[in-house]
Amino acid sequence: MKLTKLFTSAAVALGLATTAMADTTKVGFVYVGPVGDGGWTYEHDKGRQAVEAKFGDKVETTFVESVPEGADAERVITQMALQGADLIFTTSFGYMDPTINVAKKFPKVKFEHATGYKQADNVSVYSARFYEGRAVQGHIAGHMSKTNKVGYIASFPIPEVIRGINSAYIHAKKVNPDIEFSVIWAYTWFDPAKEADAAKALIEQGADVILQHTDSTAPQAAAQAAGNVITFGQASDMGEYAPFPRVSSIIDDWAPYYVARTQAVMDGTWESVSTWDGIGAGMVGIGEISDAVPADVKASALALKESLADGSYHAFTGPLNKQDGSAWLAEGETAADYGDNGLAGLNFYVEGITAEIPN
Amino acid sequence: MIALEKRPTPSRALSLSTPLIAVIITMIMGGLLFSVLGKNPIEAIRTIFWDPVFGEFAFYYRPQLLVKAAPLVLIAIGLSLGFKAGIWNIGAEGQYIMGAICGAAVGLAFYPTESRLIFPLMIIAGALGGWAWGMIPALLKVRFGTNEILVSLMLVYVADQLLASMSLGLLRNPEGMGFPGSRNFSDFPAGSSWINEAAGLHWGMAFAFIAVIFSYILLNRHILGFNIRLTGEAPRAARFAGVNPTRLILFCLGTSGALAGLAGFFEVTGPSGQINIDFASGYGFTAIIVAFLGRLHPVGILLAALLMALTYVGGDLAQGNLGLPSAAIQVFQGMLLFFLLALDLLTNYRVVLKSKGAA
Chain G
20 MKLTKLFTSA AVALGLATTA MADTTKVGFV YVGPVGDGGW TYEHDKGRQA
70 VEAKFGDKVE TTFVESVPEG ADAERVITQM ALQGADLIFT TSFGYMDPTI
120 NVAKKFPKVK FEHATGYKQA DNVSVYSARF YEGRAVQGHI AGHMSKTNKV
170 GYIASFPIPE VIRGINSAYI HAKKVNPDIE FSVIWAYTWF DPAKEADAAK
220 ALIEQGADVI LQHTDSTAPQ AAAQAAGNVI TFGQASDMGE YAPFPRVSSI
270 IDDWAPYYVA RTQAVMDGTW ESVSTWDGIG AGMVGIGEIS DAVPADVKAS
320 ALALKESLAD GSYHAFTGPL NKQDGSAWLA EGETAADYGD NGLAGLNFYV
370 EGITAEIPN
Chain V
417 MIALEKRPTP SRALSLSTPL IAVIITMIMG GLLFSVLGKN PIEAIRTIFW
467 DPVFGEFAFY YRPQLLVKAA PLVLIAIGLS LGFKAGIWNI GAEGQYIMGA
517 ICGAAVGLAF YPTESRLIFP LMIIAGALGG WAWGMIPALL KVRFGTNEIL
567 VSLMLVYVAD QLLASMSLGL LRNPEGMGFP GSRNFSDFPA GSSWINEAAG
617 LHWGMAFAFI AVIFSYILLN RHILGFNIRL TGEAPRAARF AGVNPTRLIL
667 FCLGTSGALA GLAGFFEVTG PSGQINIDFA SGYGFTAIIV AFLGRLHPVG
717 ILLAALLMAL TYVGGDLAQG NLGLPSAAIQ VFQGMLLFFL LALDLLTNYR
767 VVLKSKGAA
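Protein sequence lines correspond, in order, to chains G and V.
Numbering of the first sequence is given in the working numbering, commencing with residue 20 and proceeding in unit increments.
Numbering of the second sequence is given in the working numbering, commencing with residue 417 and proceeding in unit increments.
These aren't lab readings, by the way, just hints derived from the structure by calculation.
Don't take every hint at face value.
Straight line, CA to CA, 30 Å or less: simulated DSSO-like cross-link-like pairs of lysine-lysine [to be verified]:
#: 1; chain 1: G; residue 1: Lys-77; chain 2: G; residue 2: Lys-124
#: 2; chain 1: V; residue 1: Lys-455; chain 2: G; residue 2: Lys-73
#: 3; chain 1: V; residue 1: Lys-455; chain 2: G; residue 2: Lys-77
#: 4; chain 1: G; residue 1: Lys-165; chain 2: G; residue 2: Lys-317
#: 5; chain 1: V; residue 1: Lys-455; chain 2: G; residue 2: Lys-45
#: 6; chain 1: G; residue 1: Lys-213; chain 2: G; residue 2: Lys-192
#: 7; chain 1: G; residue 1: Lys-65; chain 2: V; residue 2: Lys-455
Just need the whole structure built from these sequences, with the hints factored in.
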């Protein structure tokens, strides 16, 4: 109890110190991978740089990279709060409980946790509707596959990843009824060796499209070596593999959100919110569709993207059944974000996927 | 010409002073590395070695050093017994995971009962889990003469898969909205290993100190410890003296397994908080380094674990405060180990200058 008091008084003292030291706002970022991963963490770090570029001397940003999820994360977040951070972004799902724990000890510091679901007075959550991008990917994959086999490198069986698999499958199936998905679970967000192995295994099984929900470019390299396999950039554009094998990409764009939240802290208008934005709000971008894709497919993919962006079409629109054949969405019905069978906690495949979710 | 000449007996003075010399050389070389990266070397070294122990927020970092060191001490003490006798348990990471799974499973089975009896039961289950995982390579070696290095190492990957399966299946938090991971022990006081969470003290630290004392007594005052040392230093003499190698193998692998299991158990119910897919963060492997760094001596291991903990905690601090990349910190840690092992040569050999003609 005594130490908690010490924490609070240290935080208060620092709070006073920072206000006294003119108005630099200190913003901390905790990353799960290295900033050079070319994917997830790379894009978060671009968001951090955007904050620096926008506010210049008025902000001071710090980051710690490759922080394991668990006890180490809690120490690193505490360290940032102790050093006087005003706003801390924790950018991986596994930082959820550590973020909440530290937030309790530092009520004056604002926290932003990516992809989680636990909110508090000083903890916001934010995520992107990556499944909208997956719909465009699935559309192109369905058109492009000659073997009718799509290989999917998945990370962890959490709702975000399962949403992506479902969305890609639904839209591939729509344009190619014979399409089949094989899923390999890598149980990692970033491990180039493991990701390369998974890609090679899928290619050997006959897949000529590789989709990845892991962050390194290793699957791109594996597809390039195979020669006749197409891929999509994940989290970042991965443009160095364009125009082939990388034919398009999903790009996470955190910069506008990070700038807006930092601004809110500066203005004193920060409030705990839950943000879940997609293509329309610009949090999810679709990378340039390369010329390896036929012009008509490119046009229909862009039309799909537009309809997702302006809200005229929802990626999960009925009729859709669950994998076991029971009804999920009726004709014309769209999936709700929350509640039973809601997208936030999605834990089942749609009908037609033959793989099983590990448990 | 410079040549190495074996000393008749290892130099005692050097054996005690090399760790200190190695740390100093690492500071100098590390300082050079940091200054090449454009950072103030003195400040960087101070941040890593001084600030966690004596800096402004030492009240928080000192217990964090113990949190980081406790599992390393527990595991390394167990490993040192086997290493002294030439029995190579490389799979402590697997035993660590199994201890965590078994201990946590027993605790979660009682959730949400509050009783003082639960925690001791969990401790026993954790130790037994690690012990059983260590007994597999032991029994295979005794019965079929398999190599314990390979078997124990391979069992790490089996344990990893079991961990993933437990986090997604049997031990998954029923209120976790479909996300992987067990309930958090911070919501279950009867099963928590924290003695005082605010002060950062947990039972694993108490057990680590007890393990150091017991191991010291065992090795110096007990016939079993004498047999262990004898087997390692003179296997033939040990056989003539009537040492039973089978019993020794079972004892060493069993004990190191049980201690690694305890380390995993205290970690999962305290600092880490929950069984999750990436709960294992390499303590089992780092402890091998700690065991050798500590010269396989109980007190040496305690100091080595604290030093390793310091480079981790201080390293994260340097990343956050000075913007050093995590790769630079890892190089720095690698340097420390390199110089320690390189200087080790000097305790067993002496450098002599020979003229060519004399040969």
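For each hint, the structure was consulted:
For a cut-off of 30 Å, the pair hint linking Lys-77(G) to Lys-124(G) stands: about 26 Å separates their Cα positions. Straight-line distance between C-alpha atoms of Lys-455(V) and Lys-73(G) comes to about 25 Å, which keeps the hinted pair within the 30 Å bound. Restraint check: the Cα-Cα separation between Lys-455(V) and Lys-77(G) comes to about 22 Å, which is no more than 30 Å; the hinted pair holds. A distance of roughly 17 Å separates the Cα atoms of Lys-165(G) and Lys-317(G); the hinted pair therefore holds under the 30 Å criterion.
Pair hint Lys-455(V) plus Lys-45(G) holds up; C-alpha atoms about 20 Å apart against a cutoff of 30 Å. For the hint pairing Lys-213(G) with Lys-192(G), the CA-to-CA distance comes to about 28 Å; that is within 30 Å, so the pair holds. Restraint check: the Cα-Cα separation between Lys-65(G) and Lys-455(V) comes to about 22 Å, which is no more than 30 Å; the hinted pair holds.
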